[in-house]
Amino acid sequence: MKKLALTILTLTLASAATPALAENFSVTAGGMGNIYVVDARPELDPGVGGYFAFDYRWAPELSTTFSVVVTTQNGTGISAGNNNILVFGIPTVDFKYYPIPEATYFDPFLLGGVGFYLVSDGSGGNGTQAAGMGAQAGVGCDFYFTQKLSFQFMGIFRSIALIDGISGTNNGTAIFPFSLQGGLSYHF
Numbered sequence: 025m026k027k028l029a030l031t032i033l034t035l036t037l038a039s040a041a042t043p044a045l046a047e048n049f050s051v052t053a054g055g056m057g058n059i060y061v062v063d064a065r066p067e068l069d070p071g072v073g074g075y076f077a078f079d080y081r082w083a084p085e086l087s088t089t090f091s092v093v094v095t096t097q098n099g100t101g102i103s104a105g106n107n108n109i110l111v112f113g114i115p116t117v118d119f120k121y122y123p124i125p126e127a128t129y130f131d132p133f134l135l136g137g138v139g140f141y142l143v144s145d146g147s148g149g150n151g152t153q154a155a156g157m158g159a160q161a162g163v164g165c166d167f168y169f170t171q172k173l174s175f176q177f178m179g180i181f182r183s184i185a186l187i188d189g190i191s192g193t194n195n196g197t198a199i200f201p202f203s204l205q206g207g208l209s210y211h212f
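Going by our numbering, the final residue of the sequence shown carries number 212, and the count climbs one at a time with no gaps.
By construction, these hints were calculated from the structure, which means they are not laboratory data.
Fair warning: there could be bad hints in the mix.
Label-pair restraints from in silico Cβ distances [to be verified]:
1) A53 to N108: 18 to 26 Å
2) N48 to A155: 15 to 23 Å
3) N108 to Y80: 31 to 39 Å
4) V92 to P70: 19 to 27 Å
5) A161 to I114: 38 to 46 Å
From a predicted model like this one, the values you see are computed outputs, not experimental measurements.
Here a beta-carbon is modelled for each residue, glycine too, at the ideal position from N, C-alpha and C.
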């Protein structure tokens with residue numbers, strides 16, 4: 025009897041209908057953290073922040089995401105004492121590829137894109153502000169709770185080239201954060 029009940033339960037769970045994609049649009053908001061892979065100027069401790077994204081899935085395997093990211097870090101090493109440095113990605117644009125085009129509860133993706141980034145001066149007031157372009161590549165997954173609600177988790181490596189001055193020489197710098205992002209998505 026136990027085997028029969030277990031078999032019926034297993035077959036029921038295995039054959040349960042998976043949620044279809046509700047619509048082509050989604051809005052995501054969540055938290056994120058940066059871990060800096062290479063020390064550069066400014067040298068930054070791992071920091072936390074948030075992101076907001078708008079996604080349009082224009083084919084079962086492809087989508088485009090526009091997002092805004094903001095994180096806050098404290099300086100370390102040569103940048104020690106310069107705290108509350110903000111890193112903005114305004115906007116970042118990613119193209120996502122979904123290798124499993126059929127809608128399931130588990131919807132993994134690969135992403136690649138570009139973004140415009142700003143770094144604020146922080147509490148030290150020593151000229152750490154900078155602006156520049158960056159590229160990102162990553163992997164992530166949507167876990168669907170319902171047809172309209174999912175949890176999204178991503179790991180993204182960013183390579184960001186920054187200009188921190190316009191006079192003299194040596195006005196360039198770069199930062200290389202690995203970002204872990206997680207948020208709630210609403211699909212419509």
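Tested hints:
no.	hint	in the structure
1	A53 to N108: 18 to 26 Å	holds (22 Å)
2	N48 to A155: 15 to 23 Å	violated (33 Å)
3	N108 to Y80: 31 to 39 Å	holds (34 Å)
4	V92 to P70: 19 to 27 Å	holds (20 Å)
5	A161 to I114: 38 to 46 Å	violated (19 Å)
Hints 2, 5 from the list above are not met by this structure, while the remaining hints are.
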